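Let the hints inform the model, and build the full structure from the sequences given.
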Amino acid sequence: MTIDTGDTAWVLISAALVLFMTPGLAFFYGGMVRSRHVLGMLMQNIFSMGIISVLWSAVGYSLAFGGEGSLIGDFSHAFLADTSGASGSIPTLAFVAFQMMFAVITPALITGATADRLKFGAYAVLISVWALLVYFPVARWVWNENGWIFSMGALDFAGGAAIHINAGVAALAVVLVIGNRVGHGAEPMPPHNLPYTVLGTGILWFGWMGFNAGSALAASGVAAQAIVNTHLAAAAGMLGWLLIERRIAGHATTLGAASGAVAGLVAITPCAGFVGGASPLIIGGIAGVLCYAALQLKAKFNFDDSLDVIAVHLIGGLLGTILLGLFADTSVNEGGVDGLFYGGGAELLIDQTVAALAVMAYSFVVTFIIAKVIDGTMGLRIDEAAERVGLDQSQHAESAYQA
Amino acid sequence: MRLITAVIKPFKLDEVKDALKSNGITGMTATEVRGFGRQGGHTETYRGAEYQIDFVPKVRLELVVEESQVDLVVDTIANAASTDKIGDGKIWVTAVERIVRIRTGEEGPSAI
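Protein chains in written order, with the numbering used here: chain A, 1 to 403; chain B, 1001 to 1112.
Certain hints may be false.
As the list claims (entries may be wrong) - Heads up, incomplete: computed chain B residues facing chain A, CB under 8 Å, no partners named:
#	residue
1	Glu-1044
2	Thr-1045
3	Tyr-1046
4	Arg-1047
5	Gly-1048
6	Tyr-1051
As the list claims (entries may be wrong) - When the alpha-carbon atoms are kept at most 25 Å apart in a straight line, the in silico SDA-like pairs for lysine to any residue are as follows:
#	chain 1	residue 1	chain 2	residue 2
7	A	Lys-298	B	Thr-1043
8	A	Lys-300	B	Glu-1050
9	A	Lys-300	B	Ala-1049
10	A	Lys-372	A	Val-175
11	B	Lys-1009	A	Leu-194
12	B	Lys-1009	B	Ile-1091
13	A	Lys-298	B	His-1042
14	A	Lys-298	B	Met-1028
15	A	Lys-300	B	Gly-1048
16	B	Lys-1021	B	Met-1001
17	B	Lys-1017	B	Met-1028
18	A	Lys-300	B	Tyr-1046
19	B	Lys-1009	A	His-192
20	A	Lys-298	B	Lys-1090
21	A	Lys-298	B	Glu-1050
22	A	Lys-298	B	Gln-1052
23	A	Lys-372	A	Ala-358
24	A	Lys-300	B	Ile-1053
25	B	Lys-1009	A	Pro-190
26	A	Lys-300	B	Thr-1043
27	A	Lys-298	A	Ala-358
28	A	Lys-298	B	Ile-1053
29	B	Lys-1009	A	Ala-403
30	A	Lys-298	B	Tyr-1051
31	B	Lys-1009	A	Asn-193
32	B	Lys-1009	A	Pro-195
33	A	Lys-298	A	Pro-190
34	B	Lys-1090	B	Phe-1011
35	A	Lys-300	B	Lys-1021
36	A	Lys-298	B	Gly-1048
37	A	Lys-300	B	Thr-1045
38	A	Lys-298	B	Ala-1049
39	A	Lys-298	B	Thr-1045
40	A	Lys-300	B	Gln-1052
None of these hints come from the bench; they were simulated from the model.
This structure is a prediction, so every number in the text was calculated from the model and none was measured.
Positions of the beta carbon are idealized from the N, C-alpha and C atoms, including for glycine.
Rendered as structure tokens:
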């Protein structure tokens, strides 16, 4: 197939859009932590742009997309060997760049759960090993034509299972190992700068256009459908969250608007190029309500998922992955499958459920083991005195705000 | 000489300053502080978690004046800072033993 310049241009632009999401995530999270930890949070996020990009070029792309294995690739494209050809209608390297940005943001999602207490060195090891043992294999399963989830027929347009369920359940595993923040439940820990969080939300929302519509890998009707779906799900997610929040807690908050939009974006991610019509409004709206409800349960379990990665990414990702089994519509994308509501029967719903459960189980178990090993060797968390002083001074010898 | 300290609502600072200046007061120091009294705090809700915020933002105004001006200054601040609602703040007066203008070395009332 010859290279299409329109397709190539769109995927290259999308790669840049997805890259921009990681600093967006940094500010989304950074605003929610207390001021003495904000640089630590920003650093963990942008550091992923450094370490994961290097790992991706060294072995990540090859393990995810090289060779023929159904569980893992090979080293045939290590250090981007033999990537000068075409993949479909775009240069292979455009696909390499686009997927690299997915690999960068996925481990960064975990940082919200471990906020204010994860040692920087331990974080560097954690996300490196996690990328090698969890993300690259799962990306293989879901997105490579040889991957077992892909071959089974489950759909994941832009990463409901591979990214959001995967990172969300990994966040749960790490939180169970690292424990709660000092003072959790006893001291107030309000966000120190919600304007950062709103700014970060805007950047994420903007970047998500490339994340989802770029996943069409073409400047096509499917890409246009994906961009419309993405935006509408974010909008409906915001409204859903605000409605239930105002009803239950009394006010519509800016943090609620930001969180609801992100919940909608997460839920539409697996569905973006496979659904149409009113489906994105329904999926986004349900995500806004359900993710809000999910975080109300957090207190009952008494684990400190500090910035609600589980409620937003795991629950949102599960919701989108499962709802796709109902709402998928081949009249939108003939490369997809019809869901239960569109005459396809329950087969896709079952495949989606199997995919979700498999990613959850694998990611949880492997991440838990990685976290345990790091905790038993170099230690995952900073000591209490360092936590009181803050990540900024204890880990980086800096302060975000000079008095 | 007396030190007059007033804790007032932040948005009243400019009104108080203007009122004092129009009464011939030439200097003062303002600091952003947090505190609570009878007004108490308020609650804020983040993702459904309610926080009681006890410390409320206030401005602390400090100025040293001659004894003859104390009543004028206290009354001026009290008038200008008043909203007749809870949380308007307090004013108190303390004795000052010594005051020095650093640039000239002047002491006493001429250093005010």
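Okay, the hints, checked on the actual structure:
no.: 1; hint: Glu-1044; result: holds (6 Å)
no.: 2; hint: Thr-1045; result: holds (5 Å)
no.: 3; hint: Tyr-1046; result: holds (6 Å)
no.: 4; hint: Arg-1047; result: holds (6 Å)
no.: 5; hint: Gly-1048; result: holds (5 Å)
no.: 6; hint: Tyr-1051; result: holds (4 Å)
no.: 7; hint: A:Lys-298 to B:Thr-1043; result: holds (20 Å)
no.: 8; hint: A:Lys-300 to B:Glu-1050; result: holds (15 Å)
no.: 9; hint: A:Lys-300 to B:Ala-1049; result: holds (12 Å)
no.: 10; hint: A:Lys-372 to A:Val-175; result: holds (11 Å)
no.: 11; hint: B:Lys-1009 to A:Leu-194; result: holds (23 Å)
no.: 12; hint: B:Lys-1009 to B:Ile-1091; result: holds (12 Å)
no.: 13; hint: A:Lys-298 to B:His-1042; result: holds (24 Å)
no.: 14; hint: A:Lys-298 to B:Met-1028; result: violated (50 Å)
no.: 15; hint: A:Lys-300 to B:Gly-1048; result: holds (13 Å)
no.: 16; hint: B:Lys-1021 to B:Met-1001; result: holds (19 Å)
no.: 17; hint: B:Lys-1017 to B:Met-1028; result: holds (8 Å)
no.: 18; hint: A:Lys-300 to B:Tyr-1046; result: holds (17 Å)
no.: 19; hint: B:Lys-1009 to A:His-192; result: holds (22 Å)
no.: 20; hint: A:Lys-298 to B:Lys-1090; result: violated (42 Å)
no.: 21; hint: A:Lys-298 to B:Glu-1050; result: holds (14 Å)
no.: 22; hint: A:Lys-298 to B:Gln-1052; result: holds (19 Å)
no.: 23; hint: A:Lys-372 to A:Ala-358; result: holds (21 Å)
no.: 24; hint: A:Lys-300 to B:Ile-1053; result: holds (23 Å)
no.: 25; hint: B:Lys-1009 to A:Pro-190; result: holds (23 Å)
no.: 26; hint: A:Lys-300 to B:Thr-1043; result: holds (21 Å)
no.: 27; hint: A:Lys-298 to A:Ala-358; result: holds (24 Å)
no.: 28; hint: A:Lys-298 to B:Ile-1053; result: holds (22 Å)
no.: 29; hint: B:Lys-1009 to A:Ala-403; result: holds (22 Å)
no.: 30; hint: A:Lys-298 to B:Tyr-1051; result: holds (16 Å)
no.: 31; hint: B:Lys-1009 to A:Asn-193; result: holds (22 Å)
no.: 32; hint: B:Lys-1009 to A:Pro-195; result: holds (24 Å)
no.: 33; hint: A:Lys-298 to A:Pro-190; result: holds (16 Å)
no.: 34; hint: B:Lys-1090 to B:Phe-1011; result: holds (15 Å)
no.: 35; hint: A:Lys-300 to B:Lys-1021; result: violated (57 Å)
no.: 36; hint: A:Lys-298 to B:Gly-1048; result: holds (11 Å)
no.: 37; hint: A:Lys-300 to B:Thr-1045; result: holds (18 Å)
no.: 38; hint: A:Lys-298 to B:Ala-1049; result: holds (10 Å)
no.: 39; hint: A:Lys-298 to B:Thr-1045; result: holds (15 Å)
no.: 40; hint: A:Lys-300 to B:Gln-1052; result: holds (20 Å)
Consistency note: the structure conflicts with the earlier hints numbered 14, 20 and 35.
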